[in-house]
Each structure stands twice: as C-alpha cells, then as structure tokens.
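Peer 1: Letter by letter, the chains look like this.
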Amino acid sequence: MADISFWPEPEKRPAIDTRAHYLDMTRKKRMYGGILLVVFVALMASGFRLAEMRNAGDFLAGLPMVYQFPAEVLSEAWAMRGNLPGLFLEFVPSLLETINIAGVATLIGALGAAFLALLSTRGLAPWPWALPLYRRTMDAFRAVPEIVVALVLIYIFGGGPVPAVIAIALHTCGALGKLFSEVAENADLKPVEGLASVGGTWPQRMWLGIIPQVAPNWLSYALLRFEINVRASAILGFVGSGGIGYDLKIAMQWGAGKYDQVVAIFLLLFLTIVAIDQLSGHYRDRLVKGAKP
Amino acid sequence: MLLDFRGVTRVFGERTAVSNVSFTVDGPCFIGILGRSGAGKSTLLRLMNRLTDATAGEVRFKGKDVLSLKGREKRDWQGQCAMIFQQFNLVPRLDVASNVLHGTLSRRSTLATMFSFWPNADIHRALDILDRLGIAEQAPKRAEALSGGQQQRVAIARALMQDPQIILADEPIASLDPMNAQVVMDTLRRIHEEDGRTVIANLHTLDTARRYCDRVIGMRDGRVVFDGTPEQLTTGAARDIYGADASFSEATTSTAIEAPDAEYAATMMA
Chain A
1 MADISFWPEP EKRPAIDTRA HYLDMTRKKR MYGGILLVVF VALMASGFRL AEMRNAGDFL
61 AGLPMVYQFP AEVLSEAWAM RGNLPGLFLE FVPSLLETIN IAGVATLIGA LGAAFLALLS
121 TRGLAPWPWA LPLYRRTMDA FRAVPEIVVA LVLIYIFGGG PVPAVIAIAL HTCGALGKLF
181 SEVAENADLK PVEGLASVGG TWPQRMWLGI IPQVAPNWLS YALLRFEINV RASAILGFVG
241 SGGIGYDLKI AMQWGAGKYD QVVAIFLLLF LTIVAIDQLS GHYRDRLVKG AKP
Chain B
1 MLLDFRGVTR VFGERTAVSN VSFTVDGPCF IGILGRSGAG KSTLLRLMNR LTDATAGEVR
61 FKGKDVLSLK GREKRDWQGQ CAMIFQQFNL VPRLDVASNV LHGTLSRRST LATMFSFWPN
121 ADIHRALDIL DRLGIAEQAP KRAEALSGGQ QQRVAIARAL MQDPQIILAD EPIASLDPMN
181 AQVVMDTLRR IHEEDGRTVI ANLHTLDTAR RYCDRVIGMR DGRVVFDGTP EQLTTGAARD
241 IYGADASFSE ATTSTAIEAP DAEYAATMMA
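Those protein sequences? They're chains A and B, same order as listed.
Under this note's numbering, the first residue of the first sequence is numbered 1, with each subsequent residue one higher.
Under this note's numbering, the first residue of the second sequence is numbered 1, with each subsequent residue one higher.
In isolation and in its complexed conformation, chain B is listed as follows:
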C-alpha cells in the first residue's frame, strides 16, 4: 500500500478544515480532489506535504507515518513529496534554472546553496527536465519574466527535480487560461504515465477531473463525500459534492474546448 490516510483532522480555532479523512491509495495513480472553496482540499494537501501540521490522524507512506516526522526526516519526506501551487510559488527574481535547482534543497547544505554551488550533474539534469517540458530556452531568464503557463511548467520542473514519488498539485490550473491549463494538465498526466509517479491534484472543474483522473475524491466541509471513478461522477454526485440544488449546471463553469485548436496550441507552446 502506497498511502494510507487514517482519521486525518485539522482544526483552525473553531473551524474544522479537515475532518476525519480516511482513504487508501494502493499504487501509482492520478487522483483528483474536488470540492468548493473552503472544503479543505488545500489543507489536506498542505498537511501531507507538512506545510501545515495536523491536529490528529496519520498519513502512512509505505507503512511509515509522515505526519509525526521532525527536522531532517521531515525535510527528507518533503523532498519525496513535491508540491505545485496555484500561484506557482517560484522565486521571481532568480533565473529559471536556479528555481528548478531549488528542488534539490533538501539534499544540499545551507552553505553550498548560499554560494550557489550546484553540482554540474544537477545543473545538467535541471536543463534536461526543462527541455522535456519544452521550456529549455527560458533557463537563463528571471522567473518573473515568464508567462503564467510557463511559470507553472517551471514549478513542475522544480517538482521533477526532487525526483518525488508523489506530486501534490494545489489548484495547478486555476490561474491559467484554458490553453495553458491543458498544457499543464497534459504534462502532469504524462509525468504520471511515463515516470509512474502518483499525482494528487485539487481541481475545480468537473470536466478536468473526468478527463485526467483515474480516481476522484469529493470533499465537502472537510469530509470525504465521494470516492470513485470518473465514470461514477454523475451530475447528481457533483451536486452532492458542491452542495448545490437542481439549478446547478455544469455548462456554467466548464472551460472545456470541444475541438482543440492544434494551431493555436502550437503557438501557445512556443
């Protein structure tokens, strides 16, 4: 068993953001977490990566509880469990390659990073990863000079640099236009299929979840209210997840492009 969530709970003051979440993941797969704003999706991912501490519960990764790790061990776990953010969270003033190299921080000494002593092998690997994601020519530019879609790919490159077993993506496409969103989701799917890494992504459109995920988990008010395959995610199930009434229509929020425009996609990728 790869991952085992047991009664994970997080309380912020009076409010319970994540309430007694339990589920298991048997092997590498692509999981989408759905739910409206404030349902606890982000908190759940942040708990896993240890950016936020849990109030109660365990997350076992290959049998070892990662929520109780401290110091060196905690940073090692963070090294294996990469995170991608809605706002990319890159260092805007540093160049793209340095941002990718930050993926190795958990293995490097503080003094070496202060003077940018990256091993040549790591630099080559960073450039190879950028090449794989189609943004190799951006390597010397400052991260802030790139478009949103390119910055998100840099963030994915940083995650790949960590060589993680699990990639957590917190609303990875929520601040991107539909074309860039597709590029980013395709990239994540490819990483899952080619490298066999598990991807857990918070999403907020149903069609994205149906198209890319092997398994969908729905959250409402901190609890898991749906856990199944994309085929089981009917409009009725979606209404349950979002707590909506019969007036709920997928067409209002959907960003699906029925026939992908190959030419436009090519210009956006360039």
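Here chain A stands alone, though its shape is the one from the complex:
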C-alpha cells in the first residue's frame, strides 16, 4: 500500500512539461478574459444607444442640469439655515409616526417570516411536501410592491397608518422569510437531532435547537429590514398613510420657499437610519459574543 503513494525517482516520472503546460493555460485564460471584456463593452454601448433612443429628452444634454435642483434646494436651505433646528422639532412627531409604522410592520413581518422560513427549510420542515407552497407564498409576498398593496388598502380602509403597516408587513414577511430560510439552512442539525431523540415536539426542537443558532443573523437581517422599512414607510406617506412622507410631499410640491423643510426631513431620515445601523451592530455583537461583564 505505502510504496505507491510516493512519486517514482525524478528520472522515472512521466515526461510532462509542466512549465509549457501552465503557460499555455495562462494564455488561454487571458484570451477568454479579453473576449469577455470586449463583449461586455459592446453590450453596454449598444444598450446605452437603445435606452437613449427610448428616452423622452436627451440624456447627454440633460446631464449638466442634474446638479441644478439639488443646488437650488441646498442653497435655499443654507440661506434659511436658522430655521433648521425649529423644523427638526416640528417634524419629530411625524418622524415618530413613520418609525412606528416601520417598527410594527417589521415586527409582524419578521414573526411571519420566522414561521414561513422554518416551514420552508429543507431538513427542518415538518411537512416537506408543502415546501414549494410556502416558498411560492413568500415569492408572492415579495413580488407585489408595498405601494401597490398600500394603494389598494387605502382605497378600501381609507388613509392612515394601518394600511401602511399591513402593506409593509406583507412585503417584509416575503423578503425576510427567504433570508431567514437561507440562514436556517446552514444551521447545525445535530442539536435538533439531540432534541428529537429525547422526544421533543417540532416547536420545541425549533425553539431550542434552531432559534439560538440563527438569532444573531436573523436579528441583523430584521434590523436591516427595519431600516429599509423606515424608508418604505416614508414613501407610503406620499400616497396618504401619514408620517413624515406626507410632510415631504407637501414641502416638495410647494417648491421654492419650503426647501428648508425638504432638507430638514432628509437630514432627519438620514440620522434615523444611521442610528438604526449603530443599534443593529451593537445588539448583534451582544447576541454573538454574549453580554459584556
């Protein structure tokens, strides 16, 4: 057994010119890379020409104007910068409403996502034959944009935060469900098997065997989703669900003269998202490494 696992003496080895072989391989790789680059550039150029033809105006002619609107907004806001602290305070209540909508929607959506994820993960699902059913349900939740669901619900229930919560929760459920399921797929099944061997029920196995493993990643995805949902909730304000989006819409439609409000609202949204990002990092660390003594 042992003697065949070693190479023969150097002069007895089969005559393969390794150097020439390797250089040949490198040359081939370079050529493929070059061809791919040429194809990519050609596709981009032709695609741009097509998009340009379909455009109402002229992209290149419009390019210098891109900076005009932000410049106008910023210069006006700078001129009225004394108003900003007051405006911050004025918009805080509607910001809170927006954050509340996002928070409730993320919580409900994440709970739904956790169930759907566990039901649709191979190896964990209690009914493996129903796996495609739960996956397609999540796809459907994800496929419909929040704003469409919100518009339909606002039409039925009238404007307000509840349609926005439902719309965002549905989308969150689909989006997080897929991510949660991918995390759960990588979870170690040994603890689950251990819990099965003592006679644990499916919920017990999931709660004690899977949730502690996936909690940090799930939390981090949920907080990222919360951040996205704050933005979504602000946008839904445009279609009449209240919150800071409604104020932004009024200020933007008013145009010149209220640009200080526009800037104040954008700054508030930016600060909120920075705060959520910091919080998410902090709590994720705590979950992974345990509380600091």
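Rather than coming from a laboratory, the hints here were simulated on the basis of the structure.
A few of these clues could be false.
Stated by the list, open to error - Distance condition first, Cα-Cα at most 30 Å in a straight line; then the derived DSS-like pairs of lysine-lysine:
(1) A:LYS289 <-> B:LYS141
(2) B:LYS70 <-> A:LYS190
(3) A:LYS178 <-> A:LYS190
(4) B:LYS64 <-> B:LYS74
(5) B:LYS74 <-> B:LYS62
(6) A:LYS190 <-> B:LYS74
(7) A:LYS190 <-> A:LYS289
(8) A:LYS289 <-> A:LYS178
(9) B:LYS141 <-> A:LYS190
Said to hold, decoys possible - Quick list of simulated restraints, FRET-style, between CB atoms:
(10) B:ALA174 <-> A:GLU182: 29 to 35 Å
(11) B:ALA244 <-> A:GLU182: 42 to 48 Å
(12) B:ARG211 <-> A:ASP285: 44 to 50 Å
(13) B:ARG211 <-> A:LEU189: 28 to 34 Å
(14) A:ASP285 <-> B:ASP122: 29 to 35 Å
(15) B:ASP186 <-> A:PRO128: 37 to 43 Å
These numbers were taken from a predicted model, which means no experiment stands behind them.
Beta carbons are placed, not taken as given, at the ideal position from N, Cα and C, and that holds for glycine.
Given the structure of chain A, go ahead and fit chain B onto it with the hints provided.
Peer 2: Leaving out everything else, chain B in the frame of chain A:
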C-alpha cells in the same frame, strides 16, 4: 423479556442498511455492537429511538411494538429510550443545566419550554445528576465552552434526566481522546450497574467491547454475524465481523492504555 427485535429491516433506496435483524434481550445488561463503518450499527440504534423509521420488522419493548408508535406515544417512548451521540448533539449556545433539562422535553408543554419554566424539582435533579458525573461546577457555562469529554458527560446527564430504561450510545467515545473515552465508558458502565439501566453502545474498538460489555453483537452489511459474550470474541470472530483477512491486527487500532495513569486521570477529570 425486555427487548425483542423481530426481522428489523431498513432500506435506503437501493441499499439495505439493516437487514432482518432479530435478537432478544432478557434483562438489564450492557450490550456492545461492533462492525465496520456502514455496517448498519447507527441505523439500528436510530431505528430503536425512532429517529429513523424502519422499513419492516418489530422491536417489542416489554411486549409492545415501539416501531409503530406515533405522535404522543412515540415521544413518550423516546423519553424512556435515551440516546447519546458521537458528536454529543447538545445545543451549543445554551448553558449546561438547560441542556440537561432538555431531557424532560417529552413531559413538558411547548409553551412552558419556550419560556424556560422548568419546575424547581427538575432543576435540582439536573444539578444532582451533573454533580454525580463530576461536572456540577460547569452548570452555568455555555455547552460550547466545554471540552469534548465534558460535553459527552453533559449528554449522558441529559440522558439520565430522562430517567430512561434504555440508553443507546452511538459511538460515544469515537471523538474523544483515550483518557476521556475511559471516563465516559466508566460512567456508562456505572450507570448500568448502579441504576440497572440497559445500555446498548456502538463501539469500534475490540478492547473497549471486551472490557465493558456483558454481551457483544457483531454486524456486517446490515446483518448480525456474531452474538455472544466478550470471551467468545476471538481474533477469528473479529475478522469475520470486519471482513478482514489474516493481516488484520488488533494492535493497529487498539487504544488500550495498559497501566492507567492515575495522576493524569485525576487532572483530566478535574
């Protein structure tokens, strides 16, 4: 009669992992199952614990077929038939005492376990069991912080928490160093002698089987090819079990330590 295996068979696709296994166990004893990798030892234990379903056959425990149990009854049976795994199969992020308390899952409601409502009596019992196995001071630590040998003892504690009639051990010492392996095997033997529980262990070294078992069952390609006392387990019989030729030598795989080093053992136990 305690256990009665009747024609137990398990087929995975084309492959027959366990083929028509029949034997009986009259009373509490320590049984070792030997065989090379893929001989069906693990599948046999998993069938008994109901982690895997059998294709055909019966396993009668005190006259009742356990392979046909479903739902509540199946979980009750799993509660009486504890299992110990090669890779311990603990929940790594939870503390040691919680892992031991998981032994009572089959008797607790889902809602109570979700909020960790363990009865105080159970918590005391879990700590007593840990104390008996010499790892009481590890109780508040996360299971993943323990060494392999300690984790396997936690797994044994979880099994004892179930207060089982039978303990199935699937290669309990295969991922442990010789000293820890001895501690774990001594523990299992002690549990059998002091509590009168039946232990069925998959082993893969002959000297372990000879030293600890009252009865040895040899499996090859899913079938029982040897069933006897450790004294009957000669080198010839072992060659049959492993399908080896005359070049087979026990010394190559043996991990026996001739004169146990008491001092080293004491440091490992600490």
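Peer 1: A separate judgement is required for each hint: does it hold in the structure or not?
Peer 2: How the hints compare with the structure:
1. A:LYS289 <-> B:LYS141: Since the Cα atoms of LYS289 (chain A) and LYS141 (chain B) sit roughly 13 Å apart, the hinted pair holds (cutoff 30 Å).
2. B:LYS70 <-> A:LYS190: holds, 22 Å
3. A:LYS178 <-> A:LYS190: OK: LYS178 (chain A) and LYS190 (chain A) at ~23 Å, within 30 Å.
4. B:LYS64 <-> B:LYS74: The hint holds at about 12 Å.
5. B:LYS74 <-> B:LYS62: holds, 15 Å
6. A:LYS190 <-> B:LYS74: Satisfied, since the Cα-Cα distance of roughly 20 Å is no more than 30 Å.
7. A:LYS190 <-> A:LYS289: At roughly 21 Å apart (the allowed maximum being 30 Å), LYS289 (chain A) and LYS190 (chain A) satisfy the hint.
8. A:LYS289 <-> A:LYS178: holds, 26 Å
9. B:LYS141 <-> A:LYS190: holds, 19 Å
10. B:ALA174 <-> A:GLU182: 29 to 35 Å: holds, 32 Å
11. B:ALA244 <-> A:GLU182: 42 to 48 Å: holds, 45 Å
12. B:ARG211 <-> A:ASP285: 44 to 50 Å: Holds, since ARG211 (chain B) and ASP285 (chain A) (Cβ atoms, about 48 Å apart) stay within the stated range.
13. B:ARG211 <-> A:LEU189: 28 to 34 Å: With Cβ atoms ~33 Å apart, the hint holds.
14. A:ASP285 <-> B:ASP122: 29 to 35 Å: holds, 33 Å
15. B:ASP186 <-> A:PRO128: 37 to 43 Å: With a Cβ separation near 42 Å, ASP186 (chain B) and PRO128 (chain A) satisfy 37 to 43 Å, so the hint holds.
Consistency note: the structure conflicts with none of the earlier hints.
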